[in-house]
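**Student:** Chains as they are written, first to last, in our numbering: chain D, 119 to 603; chain R, 119 to 603; chain V, 119 to 603; chain U, 119 to 603.
These aren't lab readings, by the way, just hints derived from the structure by calculation.
Keep in mind the model is a prediction, meaning the values are calculated, not measured.
Note that CB positions come from ideal geometry on N, CA and C, so glycine has one too.
No false leads were mixed into what you were given.
Each computed DSBU-like pair below joins lysine-lysine, with the alpha-carbon atoms no more than 35 Å apart:
{"id": "1", "chain 1": "U", "residue 1": "K321", "chain 2": "U", "residue 2": "K239"}
{"id": "2", "chain 1": "V", "residue 1": "K132", "chain 2": "R", "residue 2": "K533"}
{"id": "3", "chain 1": "R", "residue 1": "K132", "chain 2": "R", "residue 2": "K185"}
{"id": "4", "chain 1": "U", "residue 1": "K443", "chain 2": "V", "residue 2": "K590"}
{"id": "5", "chain 1": "V", "residue 1": "K253", "chain 2": "V", "residue 2": "K328"}
{"id": "6", "chain 1": "V", "residue 1": "K520", "chain 2": "R", "residue 2": "K142"}
{"id": "7", "chain 1": "V", "residue 1": "K520", "chain 2": "R", "residue 2": "K520"}
{"id": "8", "chain 1": "U", "residue 1": "K247", "chain 2": "U", "residue 2": "K324"}
{"id": "9", "chain 1": "D", "residue 1": "K328", "chain 2": "U", "residue 2": "K533"}
{"id": "10", "chain 1": "R", "residue 1": "K239", "chain 2": "R", "residue 2": "K253"}
{"id": "11", "chain 1": "R", "residue 1": "K328", "chain 2": "R", "residue 2": "K132"}
{"id": "12", "chain 1": "V", "residue 1": "K328", "chain 2": "R", "residue 2": "K443"}
{"id": "13", "chain 1": "D", "residue 1": "K321", "chain 2": "U", "residue 2": "K443"}
Some chain V residues well away from chain U (every beta-carbon gap over 12 Å; in silico):
{"id": "14", "residue": "L126"}
{"id": "15", "residue": "K132"}
{"id": "16", "residue": "S179"}
{"id": "17", "residue": "P274"}
{"id": "18", "residue": "L275"}
{"id": "19", "residue": "R293"}
{"id": "20", "residue": "N339"}
4 protein chains.
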Amino acid sequence: MLSKEDYLNYLRKKEANVYVLGEKVEDCSENPVLKPTVAILSKCLELAADPKHSDIMTGTSHLTGKKVNRFNHLTMSKEDLLKRLEHVAFLQTKTGSCAMRCAGCNALCALYSITYEMDKKLGTDYHEKFIKYAKYIQENDLVVGSGMMDVKGVRPLRPHQQPDPDFHLRIVEERSDGVIVRGCKAHQTVSAISHEMIVVPCKVLKENEKEYAVAFGIDVNTEGITHIQQHNFQDSRHVVAEQGSIDFGNIQYGSSFACTSLMIFDDVFVPNERIFMHGEYQYTYPLIRRFGSHARLTEGGCRSRMIDLLIGAGQAISEYSGLDKQSHIRDKLTQLSFLSQSIRGPAIAAAYHGFSTPSGIYLPDSLLCSTSKLQAIHANYEANKLINDIAGGFVSSMPSEKDYRNPVLHDFMEKYLGRVSGVPTEHIIRIFRFIESISMSPVVGALHYGGGTLEAQNVTIGGETNFQEYKKWALSLSGIIPEIP
Amino acid sequence: MLSKEDYLNYLRKKEANVYVLGEKVEDCSENPVLKPTVAILSKCLELAADPKHSDIMTGTSHLTGKKVNRFNHLTMSKEDLLKRLEHVAFLQTKTGSCAMRCAGCNALCALYSITYEMDKKLGTDYHEKFIKYAKYIQENDLVVGSGMMDVKGVRPLRPHQQPDPDFHLRIVEERSDGVIVRGCKAHQTVSAISHEMIVVPCKVLKENEKEYAVAFGIDVNTEGITHIQQHNFQDSRHVVAEQGSIDFGNIQYGSSFACTSLMIFDDVFVPNERIFMHGEYQYTYPLIRRFGSHARLTEGGCRSRMIDLLIGAGQAISEYSGLDKQSHIRDKLTQLSFLSQSIRGPAIAAAYHGFSTPSGIYLPDSLLCSTSKLQAIHANYEANKLINDIAGGFVSSMPSEKDYRNPVLHDFMEKYLGRVSGVPTEHIIRIFRFIESISMSPVVGALHYGGGTLEAQNVTIGGETNFQEYKKWALSLSGIIPEIP
Amino acid sequence: MLSKEDYLNYLRKKEANVYVLGEKVEDCSENPVLKPTVAILSKCLELAADPKHSDIMTGTSHLTGKKVNRFNHLTMSKEDLLKRLEHVAFLQTKTGSCAMRCAGCNALCALYSITYEMDKKLGTDYHEKFIKYAKYIQENDLVVGSGMMDVKGVRPLRPHQQPDPDFHLRIVEERSDGVIVRGCKAHQTVSAISHEMIVVPCKVLKENEKEYAVAFGIDVNTEGITHIQQHNFQDSRHVVAEQGSIDFGNIQYGSSFACTSLMIFDDVFVPNERIFMHGEYQYTYPLIRRFGSHARLTEGGCRSRMIDLLIGAGQAISEYSGLDKQSHIRDKLTQLSFLSQSIRGPAIAAAYHGFSTPSGIYLPDSLLCSTSKLQAIHANYEANKLINDIAGGFVSSMPSEKDYRNPVLHDFMEKYLGRVSGVPTEHIIRIFRFIESISMSPVVGALHYGGGTLEAQNVTIGGETNFQEYKKWALSLSGIIPEIP
Amino acid sequence: MLSKEDYLNYLRKKEANVYVLGEKVEDCSENPVLKPTVAILSKCLELAADPKHSDIMTGTSHLTGKKVNRFNHLTMSKEDLLKRLEHVAFLQTKTGSCAMRCAGCNALCALYSITYEMDKKLGTDYHEKFIKYAKYIQENDLVVGSGMMDVKGVRPLRPHQQPDPDFHLRIVEERSDGVIVRGCKAHQTVSAISHEMIVVPCKVLKENEKEYAVAFGIDVNTEGITHIQQHNFQDSRHVVAEQGSIDFGNIQYGSSFACTSLMIFDDVFVPNERIFMHGEYQYTYPLIRRFGSHARLTEGGCRSRMIDLLIGAGQAISEYSGLDKQSHIRDKLTQLSFLSQSIRGPAIAAAYHGFSTPSGIYLPDSLLCSTSKLQAIHANYEANKLINDIAGGFVSSMPSEKDYRNPVLHDFMEKYLGRVSGVPTEHIIRIFRFIESISMSPVVGALHYGGGTLEAQNVTIGGETNFQEYKKWALSLSGIIPEIP
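Model the full structure from these sequences, guided by the hints.
**Tutor:** Printed below as a string of structure tokens:
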């Protein structure tokens with residue numbers, strides 16, 4: 119399996135068009151904006167290599183019979199779905215962050231199942247090609263990303279009605295040995311520092327939109343691809359402070375959701391053997407749905423545990439301030455725990471009510487998944503309010519580590535930021551920075567990543583609810599229709 | 119198994135001190151306040167007798183190897199816990215109401231497990247006696263109630279510090295063949311119309327409170343017991359309208375939570391063979407906890423389905439009004455579905471994470487149970503707001519069926535309460551009454567029944583959360599303590 | 119001014135088609151369903167006659183220079199608007215109920231201003247006629263009701279597209295001396311027990327809908343009018359219990375919102391001098407808007423005070439239970455106070471930002487009004503949850519006063535429902551009934567009465583918000599357009 | 119009056135111990151962390167100097183009869199309170215930020231009124247000295263800050279029980295000509311770039327804590343004072359991007375709440391004429407209360423308008439994306455407007471119900487103020503959720519302006535970030551950055567600044583609510599006590 123060192127070597131050597139803050143990155147392992155995420159991915163590889171964690175970090179491939187990284191493992195049972203939940207919660211515990219690789223796993227599962235069904239129905243050979251690709255990934259233990267999202271232009275317009283037809287990625291040229299694609303995928307988590315990206319459509323397509331119905335796997339360093347890194351408040355901090363410093367808060371991994379890119383496909387060639395959908399617009403609906411279900415499932419494990427980390431930090435700062443016995447503090451910590459479990463519960467239930475698709479891939483229950491994700495959105499904002507109230511104003515107004523290290527200021531800060539006797543002042547500073555690193559950053563992420571927006575959940579929940587069946591029950595009880603046998 | 123007819127015969131003949139609205143009830147099967155609940159219990163017996171539903175309505179007793187009503191079945195596996203969830207959801211679908219018998223089942227499971235542990239540790243013979251009692255119930259297919267709640271007097275005082283020492287039920291006399299108990303159990307669901315009640319303490323007791331640490335099973339018609347029925351808005355309606363009428367809303371079963379009593383024990387004799395705890399104060403904590411966990415679990419199935427019924431009624435009235443395609447209506451129906459699943463999800467997860475006690479009884483996960491129940495409290499108020507907004511003002515201002523049947527008024531109402539062509543006006547009236555019957559009544563029930571108040575959930579959630587473990591995670595990530603291996 | 123006795127005499131003698139529970143009412147002063155509301159209206163007349171309260175209960179008419187009941191007083195200044203807020207809060211304090219007469223006042227103000235503007239623009243003589251009518255009401259101190267709501271049939275259809283053209287009240291015949299109207303007004307508060315009703319359209323109408331654009335004042339006993347009383351849980355209680363009894367909760371006035379009717383106009387003649395709009399469809403928009411603004415304003419005073427009453431009852435039961443110092447109880451009582459003020463605040467602000475119309479009538483600020491009302495909807499459900507949690511399960515399961523008066527049961531209840539020494543058990547029962555009477559009933563009312571549903575507020579708030587102006591501010595600050603001077 | 123240029127000159131020349139990111143600042147007008155706030159203060163001075171805005175930006179001093187900056191104006195009437203609300207809303211509109219100077223104004227008003235009362239009661243001469251100081255400030259048009267907050271150490275301990283007695287600022291030496299103070303004030307908005315700070319106690323003190331009961335005005339550049347600037351995500355951005363750049367979002371003023379400091383008093387001399395409280399512990403309660411009431415009042419104007427800016431930006435991005443007509447978008451924009459008004463309403467009401475203190479200073483109503491502030495806390499988190507859902511993922515993952523200006527990347531971004539035809543891509547980028555600058559930053563500020571935490575509001579609301587009066591109303595209506603006359 120891929121070691122941390124292998125991975126760092128790959129990053130050092132790889133030649134890709136990666137831009138950060140307007141400059142091309144020479145060494146992806148060393149860039150301050152990329153580094154915290156590189157550290158997360160490296161940590162996950164280390165954990166996967168540790169026999170102590172192999173149950174949670176790896177699975178046995180039904181394709182090869184060998185142990186593979188759980189991110190590259192296909193969910194062939196309810197247990198696999200439930201394990202994925204534990205997996206992301208475990209990684210959140212270890213890194214205080216999104217583990218960054220769920221989308222790749224989601225895409226592998228979704229395409230595996232869809233290619234199977236396409237071949238059965240249409241006589242195509244996508245599944246066979248996809249199995250070969252999946253084995254390649256599993257055997258080389260590659261880091262795989264994926265992200266559906268096109269830039270999408272004018273939201274209500276169909277792809278071909280857009281001011282620019284490239285607002286959704288599409289095939290611009292058909293060749294005998296493959297296709298040329300053009301477009302731009304947005305919010306692509308770790309595209310710059312992974313090996314492969316799996317590209318899928320982000321919209322349910324119609325017959326006259328076949329050129330948009332394309333799915334494929336591609337080396338992220340392929341000619342014609344450019345990765346432009348996002349720039350937000352969290353990575354501003356990563357530029358200002360050094361990894362490992364107190365100001366990082368989560369000292370090795372920083373503030374999460376700092377590593378997505380605009381991934382531009384400027385007429386990129388994709389060879390036939392890497393193409394897994396090519397015009398079959400009628401399969402875009404199940405493909406997107408399955409991808410989304412998986413994404414929402416793991417949000418449950420991940421976001422719930424992120425709140426657990428806030429609870430832990432809240433418990434710590436309350437003790438440091440002598441407040442841990444106060445009723446309103448205990449009440450708020452308890453509310454945080456309720457919020458955490460209210461995300462986790464429906465996610466577990468979604469996995470437990472998972473079901474098999476014809477290919478053997480298991481999918482979680484859609485209604486319960488979206489419920490978990492929607493609750494995660496609401497809960498994250500609420501959780502940030504609670505932790506900020508528990509912790510106090512220094513979450514937003516702590517001086518920097520540079521101030522703390524300045525000899526003129528050090529004694530002042532040491533003296534005045536102290537609290538309960540015996541607790542080092544530095545610990546107090548650290549825990550405030552930690553709370554800042556989580557609570558000030560991921561809210562937007564909670565909303566947009568991992569299965570989409572609040573509205574996307576509404577659409578799914580509305581779509582999954584059997585309104586007519588429920589109506590019958592009511593009609594029967596109110597005597598409008600006879601009792602249902 | 120007990121047939122509906124057997125049960126009604128029992129009610130007709132039984133001699134008990136049951137009072138409704140200040141008058142002693144001669145025939146418990148015919149009293150208008152009791153009748154809707156009698157109908158619910160009868161319906162549940164019918165369903166249990168129907169082979170089509172035997173999987174959900176019955177289980178196989180590990181004590182007798184025979185099929186028993188699921189309410190009298192002990193939860194000896196995760197599957198049993200998960201089945202209980204389906205069981206209450208199914209009965210909610212069939213009756214639009216609380217099924218009334220969960221507490222008896224909870225008490226059976228809790229006492230079974232606790233008596234086992236007491237005997238192992240203390241050398242007592244409670245478990246053997248309890249098995250005999252459980253078999254008696256299973257084999258005679260009896261209707262069993264239970265309810266922890268004492269009247270409790272001054273809340274913060276210990277039982278023996280109360281202005282009246284009987285504010286918690288207690289042993290007032292020890293005899294060679296049994297004990298005499300005195301006290302009053304409040305909010306006792308179906309105590310007046312069941313066969314047996316299982317009485318347990320409602321407070322964690324201390325060494326000097328042994329006379330309060332008493333648990334036993336008792337025939338509800340025993341001398342010295344008086345049942346005074348509750349009186350609330352819902353049973354006011356049951357007095358005013360006739361069962362089966364439109365005004366009942368849920369035409370057979372009326373508005374739920376109409377059948378609890380103050381159950382007074384005025385120096386009642388309990389024979390030794392029916393006593394299952396007698397002074398072992400140190401077991402009151404696990405007994406109460408286990409009872410509570412079971413209660414919260416089934417609330418998940420029940421309350422979630424109650425919201426599904428509101429969704430169904432909301433779908434119906436929206437169609438009748440021509441509003442079912444409007445975006446704000448669809449949005450609110452979808453929010454209702456989210457609320458329903460947000461209760462159900464943690465309940466399923468609690469069952470899935472159920473665990474065995476030494477006796478073999480399975481308990482659901484406490485933290486997830488209380489999360490489901492707390493969400494049920496919040497969601498029920500929110501759901502009522504949504505359904506009332508969807509349905510419109512006639513939820514509270516519909517004229518009565520007597521108006522509708524009055525020849526002078528009938529044509530006016532027929533004409534003016536009409537909506538979409540082809541929908542009979544009577545259907546419109548019925549669906550408003552149905553929404554009234556659910557949405558105007560159970561909110562307080564959602565809060566108090568089925569595992570207790572909002573605050574009770576806070577206490578459990580706070581108690582079940584491993585704040586110190588979570589703290590360690592945060593300390594490790596912020597560099598305060600070394601990485602946790 | 120009208121004395122309580124005058125009013126009761128009027129009720130005793132009046133001949134009207136009033137139906138309650140399917141039977142024609144002979145004496146409107148004695149019917150058990152109507153009585154609590156009669157008591158409220160009588161109480162308000164008593165208070166208006168009391169010189170001690172004349173500042174709040176009366177105003178000086180700018181039409182006659184004489185003191186008139188504030189419900190019949192036109193709002194000719196900001197102070198009048200602010201006084202109205204105090205007025206309804208005061209009456210809520212005195213009766214624990216909706217004061218029932220706001221809609222009449224709203225209609226007087228709205229029509230006064232609109233008729234003025236119609237006459238100025240169109241040369242009609244509505245305003246003069248309306249002044250005569252308003253003087254008639256003020257000088258005879260009549261009880262005036264109003265309610266916009268038609269039954270409305272299929273919601274999205276225009277009046278003349280409905281399956282029945284009478285789903286909105288309309289002129290069916292034009293005569294030289296007046297018009298014949300047909301239709302049905304729903305949810306008409308106190309129509310059966312007032313003197314006059316003011317009828318206005320409930321929909322913004324178009325040119326081809328002139329027959330629906332009709333407004334008039336009418337004696338409620340006019341031939342052709344039938345009042346069918348609503349029937350809900352609260353009036354079920356009023357049938358079962360006697361006014362003055364403990365079970366009434368609010369012992370004189372019962373549970374509010376128990377007195378609306380379907381008011382049927384079966385070809386009713388309206389003479390010309392009572393017609394204040396006759397085809398001027400283009401004035402339906404401002405008429406409805408102004409009516410609605412007034413309605414939402416007074417909801418602020420009323421609903422806020424209703425929560426204050428819950429706070430008071432919560433304080434009482436907490437003291438009776440020995441819980442008033444507990445942190446979670448104090449916290450919940452404090453949340454209730456926040457909810458109360460969060461309704462009241464925007465209402466005061468709406469009055470303070472009131473503005474004059476050409477006729478001199480003052481209107482409150484629409485955006486702030488709807489904010490207050492929408493907050494009232496949310497807050498009432500939340501408040502009920504909080505008070506139910508504070509008070510405990512007897513809110514829904516208290517035995518009846520008849521049980522308490524039964525000699526067999528009295529001592530049991532006296533003993534077991536006791537709490538803190540020195541607090542009579544009867545007080546404990548009373549306060550539970552009081553909480554039931556408020557918290558179990560008005561939620562739907564909070565939503566539908568007093569300016570309409572949640573969705574109606576959304577429509578107003580959306581309509582009143584200057585999205586484009588706000589946009590300019592954002593564009594300027596982000597450098598998209600130049601700084602706004 | 120002070121011109122922008124005067125102010126910048128002052129900043130350039132002043133000699134103070136100001137530290138930013140560990141380094142001493144030579145020129146406070148040029149430091150990138152301080153600059154956006156300097157721009158805000160400068161802008162406010164410009165606006166005050168503009169005759170067009172003099173009504174809102176200035177008032178007439180009752181001390182000097184001259185026009186003074188409204189931040190230095192004492193609130194001597196309800197109108198002054200209401201003007202302050204408009205004042206902060208106006209400045210929020212102009213700067214998209216906290217105006218930074220409210221606390222100084224709050225301190226001026228609170229101390230003016232308290233010194234008056236102390237002198238009347240105790241025969242001291244504080245008020246006379248304070249008038250002289252207030253005139254000095256008004257006449258020189260100085261920028262005045264204030265902030266109560268001490269670092270406070272172990273929260274539940276009294277000042278003199280703390281591990282370090284300096285955790286609350288105190289007098290460490292009494293001299294004939296003044297006192298020496300030591301301590302550290304936290305979260306001191308603009309202390310580094312104002313002229314004067316007014317220092318007051320932050321805790322209600324007791325008799326044995328007189329050395330902590332000290333209030334004074336002091337030049338921020340006084341020897342012994344050190345200002346250590348806060349460091350948070352927003353100022354990290356200010357380091358990384360240049361003022362005026364797109365990445366600033368709010369291009370001139372950046373993300374608000376970027377300019378507080380730890381203000382250390384390392385044995386600082388305060389001359390007698392600047393001391394306004396010196397041991398009168400019994401006046402700390404009203405002083406803190408009045409300061410807090412003022413602070414909460416202006417939060418209402420400020421935070422409400424901040425949400426208006428989000429509405430404006432949401433309207434803009436919805437138009438740019440072709441989504442502005444979609445029902446769920448309109449619904450969310452409307453919810454934002456509701457949230458804005460629900461903050462503003464109680465603030466206006468608090469001002470309208472303002473009352474005079476003996477000195478003539480007007481205070482807003484405490485209960486309504488805290489209601490506005492508590493609503494602001496809840497609403498800001500909710501608003502951020504809504505705007506993030508409206509706007510989409512680029513709020514957190516937009517590439518930087520440096521990327522956009524890079525010739526290799528420019529065309530890609532220009533092409534792919536486009537939306538509706540005719541809207542320049544740069545505008546789309548700008549509006550995302552603007553939303554980021556507001557929605558990603560001020561939540562913690564909403565909670566902590568401007569009158570304190572969620573819990574602080576609970577304490578005030580609980581304290582201000584007349585629970586016993588409300589109880590009497592409930593007791594009367596339920597027949598427990600006679601009717602209240």
